[in-house]
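Enquirer: Please take these sequences and the hints and turn them into a complete structure.
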Amino acid sequence: MAMSANPKNISKIDCPLPSQAAWSQVDYAPGGVCGPRIQQDVQMVILDRGSLRVTTDGREQPVRVGEVVCQWPGGHEQYAFDPDEVSTHRWVALTFDKRSAITKWLKQKRAAASPIRRESKLMRQLFDSAMQLVRSTDPAAETAWAHLALAYFEAYLMDEGLDEAGRVAPLHPALLSMRSTIAEQFAEPLTLEDLAAACSVSTNHLVRLCREQLDTTPMRLLWETRVDQGVELLRSTGLTISEIAYRVGFANPFHFSRRCKERHGQSPRALRQQAWATEG
1 MAMSANPKNI SKIDCPLPSQ AAWSQVDYAP GGVCGPRIQQ DVQMVILDRG SLRVTTDGRE
61 QPVRVGEVVC QWPGGHEQYA FDPDEVSTHR WVALTFDKRS AITKWLKQKR AAASPIRRES
121 KLMRQLFDSA MQLVRSTDPA AETAWAHLAL AYFEAYLMDE GLDEAGRVAP LHPALLSMRS
181 TIAEQFAEPL TLEDLAAACS VSTNHLVRLC REQLDTTPMR LLWETRVDQG VELLRSTGLT
241 ISEIAYRVGF ANPFHFSRRC KERHGQSPRA LRQQAWATEG
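Numbered according to full-length UniProt numbering, the sequence shown spans residues 1 to 280.
You can take every hint at face value.
Computed Cβ-Cβ distance ranges for the label pairs, DEER-style: (1) PRO115 / ARG258: 39 to 47 Å; (2) VAL86 / THR137: 28 to 36 Å; (3) ARG53 / ALA251: 52 to 60 Å; (4) THR88 / GLN61: 17 to 25 Å; (5) GLN185 / ARG118: 22 to 30 Å; (6) LYS261 / SER114: 37 to 45 Å; (7) ARG53 / ALA111: 19 to 27 Å; (8) GLN185 / ARG64: 30 to 38 Å; (9) ALA101 / GLU243: 32 to 40 Å; (10) ASP48 / GLN108: 26 to 34 Å; (11) ARG269 / SER202: 34 to 42 Å; (12) VAL86 / VAL134: 18 to 26 Å; (13) THR88 / ALA270: 42 to 50 Å; (14) THR217 / ARG110: 25 to 33 Å.
Everything labelled a hint here was simulated from the structure, so no lab data went into it. Since this is a predicted model, take the numbers as computed values, not measurements. Built from N, CA and C at the ideal position, the CB exists for glycine as well.
Expert: Written out as structure tokens, the structure is:
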């Protein structure tokens with residue numbers, strides 16, 4: 001499953017959406033190997049059973065059950081699984097646009113990140129939430145996958161904090177929970193109080209965290225997510241604009257149209273015509 005995303009003002013966004021996101025779980029027979037290969041994405045590999053040794057750019061490191069290893073674009077890598085028993089691993093892959101601002105952002109993240117860490121409870125919850133969408137036939141599920149993948153990536157980084165160069169710290173756990181809630185429930189009539197309750201913080205605290213780390217507000221992020229979901233449906237389905245508006249959480253198509261113009265500078269109809277003309 002993959003999705004398209006067109007982040008606005010990307011140089012000002014600390015966490016751009018991936019252009020594609022993928023999740024999976026795989027069993028390898030005893031003695032299984034993967035590679036050598038060149039990594040194309042940001043990929044996090046989680047070992048659930050057996051053992052794993054990962055060699056990246058000539059450096060080998062063991063991965064134990066319950067640990068996550070993060071691989072970065074351009075790395076020369078090879079995976080060697082347990083020689084005596086079946087190994088089970090999960091993985092999350094994020095493909096980012098190759099714009100200079102995003103490339104710089106990824107370099108900053110890589111410089112501050114640990115190559116390996118334990119999978120937290122939050123990370124596992126995010127993975128499980130994403131896998132529940134695998135069989136969804138709703139095109140909007142693809143965008144939800146991208147949000148969940150980005151949240152998983154930020155959760156991987158959350159123990160790092162600021163480095164000496166003053167790079168941006170990973171997101172607060174409450175913001176990761178907020179993103180997960182929005183990705184899963186954007187079509188529901190969520191309020192600020194609902195989001196705060198889902199994150200186990202007060203509304204004031206959530207707004208403050210959101211302004212400090214994301215330069216936005218929880219409700220603005222919710223509306224932007226609804227717009228992005230709606231635009232994805234405009235491009236990939238024949239649903240009417242009214243049907244799409246209601247499906248992604250707008251009270252009426254006029255509100256959806258106004259939000260589309262604010263975010264993309266075009267009406268829903270114009271966005272659809274542009275997308276379909278490009279495909280044709």
